[in-house]
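All chains, full assembly: derive it from the sequences and hints.
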Amino acid sequence: AQKVTQAQTEISVVEKEDVTLDCVYETRDTTYYLFWYKQPPSGELVFLIRRNSFDEQNEISGRYSWNFQKSTSSFNFTITASQVVDSAVYFCALSDSSGYSTLTFGKGTMLLVSP
Amino acid sequence: EAQVTQNPRYLITVTGKKLTVTCSQNMNHEYMSWYRQDPGLGLRQIYYSMNVEVTDKGDVPEGYKVSRKEKRNFPLILESPSPNQTSLYFCASSKTPDLYGYTFGSGTRLTVV
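If you read the sequences in order, they're chains A and B.
As numbered in my numbering, residues 1 to 115 make up the first sequence, in order.
As numbered in my numbering, residues 1 to 113 make up the second sequence, in order.
Any given hint could be a false lead.
Simulated crosslink set (DSS-like; lysine-lysine; CA at most 30 Å straight-line) [to be verified]:
{"hint": "1", "chain 1": "A", "residue 1": "K38", "chain 2": "B", "residue 2": "K95"}
{"hint": "2", "chain 1": "A", "residue 1": "K3", "chain 2": "B", "residue 2": "K65"}
{"hint": "3", "chain 1": "B", "residue 1": "K65", "chain 2": "A", "residue 2": "K107"}
{"hint": "4", "chain 1": "B", "residue 1": "K69", "chain 2": "A", "residue 2": "K70"}
{"hint": "5", "chain 1": "A", "residue 1": "K38", "chain 2": "A", "residue 2": "K107"}
{"hint": "6", "chain 1": "A", "residue 1": "K38", "chain 2": "B", "residue 2": "K17"}
{"hint": "7", "chain 1": "B", "residue 1": "K57", "chain 2": "B", "residue 2": "K17"}
{"hint": "8", "chain 1": "B", "residue 1": "K71", "chain 2": "B", "residue 2": "K18"}
{"hint": "9", "chain 1": "A", "residue 1": "K16", "chain 2": "A", "residue 2": "K107"}
{"hint": "10", "chain 1": "B", "residue 1": "K95", "chain 2": "B", "residue 2": "K65"}
{"hint": "11", "chain 1": "A", "residue 1": "K38", "chain 2": "B", "residue 2": "K65"}
{"hint": "12", "chain 1": "B", "residue 1": "K18", "chain 2": "B", "residue 2": "K69"}
{"hint": "13", "chain 1": "B", "residue 1": "K57", "chain 2": "A", "residue 2": "K107"}
{"hint": "14", "chain 1": "B", "residue 1": "K18", "chain 2": "B", "residue 2": "K57"}
{"hint": "15", "chain 1": "A", "residue 1": "K38", "chain 2": "A", "residue 2": "K16"}
{"hint": "16", "chain 1": "B", "residue 1": "K57", "chain 2": "B", "residue 2": "K95"}
{"hint": "17", "chain 1": "A", "residue 1": "K3", "chain 2": "B", "residue 2": "K18"}
{"hint": "18", "chain 1": "A", "residue 1": "K3", "chain 2": "B", "residue 2": "K95"}
{"hint": "19", "chain 1": "A", "residue 1": "K70", "chain 2": "A", "residue 2": "K107"}
{"hint": "20", "chain 1": "B", "residue 1": "K95", "chain 2": "B", "residue 2": "K17"}
{"hint": "21", "chain 1": "B", "residue 1": "K95", "chain 2": "A", "residue 2": "K70"}
{"hint": "22", "chain 1": "A", "residue 1": "K38", "chain 2": "B", "residue 2": "K57"}
{"hint": "23", "chain 1": "B", "residue 1": "K17", "chain 2": "B", "residue 2": "K65"}
{"hint": "24", "chain 1": "B", "residue 1": "K71", "chain 2": "B", "residue 2": "K95"}
These are computed hints drawn from the structure, not numbers from a lab.
In structure tokens form, the structure reads like this:
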């Protein structure tokens with residue numbers, strides 16, 4: 001069975017601080033996909049990134065970066081120079097061959113960025 | 001604009017009164033799914049559908065029904081709602097979930113009193 005753990009329930013930072021959101025996953029498959037979604041206070045779920053298990057390159061998109069490490073089954077998300085608009089709940093999710101129609105989500109990390 | 005549309009956005013109802021939450025997508029996606037979100041539990045899948053007339057249970061299907069008569073629509077039916085079904089519900093669609101993840105609707109906040 002697949003599982004996603006986001007151990008940080010809530011993180012509070014001050015604007016311009018860097019912050020890393022942790023995600024640890026469990027799967028028996030060698031082929032799987034990892035995702036991050038953002039849920040701002042307005043409630044919608046916004047897709048941020050998808051990674052497949054064969055691509056361990058780190059990815060950077062503006063102030064966002066992702067560190068995928070198969071050796072530790074982690075897919076961590078870093079926001080550099082955080083802004084108030086980054087305040088949201090962030091979800092990590094996993095899809096593998098045991099459930100092609102299923103995304104298994106972590107419980108989410110609430111990020112609060114204060115001015 | 002490519003989107004998943006859910007209605008209503010907010011609903012307050014009484015225990016036992018049947019209700020339907022509608023979901024429609026305009027992206028010609030085969031896969032559709034319903035999730036519920038509860039504090040401290042994240043998102044859990046209720047039902048999913050791989051195509052017209054093909055549906056299957058997710059992790060928490062008790063108390064819910066779905067149907068997929070047309071590709072674009074995937075309504076969620078609560079035949080006899082109970083207070084423990086008070087939650088935030090998301091409909092989602094995808095061409096291929098394992099490759100692309102899901103595109104989510106804006107959510108329906110349901111309160112059962």
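Results of checking the hints against the structure:
no., hint, result
1, A:K38 to B:K95, "holds, 20 Å"
2, A:K3 to B:K65, "holds, 26 Å"
3, B:K65 to A:K107, "holds, 25 Å"
4, B:K69 to A:K70, "violated, 41 Å"
5, A:K38 to A:K107, "holds, 12 Å"
6, A:K38 to B:K17, "violated, 33 Å"
7, B:K57 to B:K17, "holds, 23 Å"
8, B:K71 to B:K18, "holds, 24 Å"
9, A:K16 to A:K107, "holds, 26 Å"
10, B:K95 to B:K65, "holds, 23 Å"
11, A:K38 to B:K65, "holds, 28 Å"
12, B:K18 to B:K69, "holds, 20 Å"
13, B:K57 to A:K107, "holds, 21 Å"
14, B:K18 to B:K57, "holds, 20 Å"
15, A:K38 to A:K16, "holds, 19 Å"
16, B:K57 to B:K95, "holds, 19 Å"
17, A:K3 to B:K18, "violated, 33 Å"
18, A:K3 to B:K95, "holds, 23 Å"
19, A:K70 to A:K107, "holds, 21 Å"
20, B:K95 to B:K17, "violated, 34 Å"
21, B:K95 to A:K70, "holds, 26 Å"
22, A:K38 to B:K57, "holds, 26 Å"
23, B:K17 to B:K65, "holds, 14 Å"
24, B:K71 to B:K95, "holds, 12 Å"
The structure shown violates the earlier hints numbered 4, 6, 17, 20.
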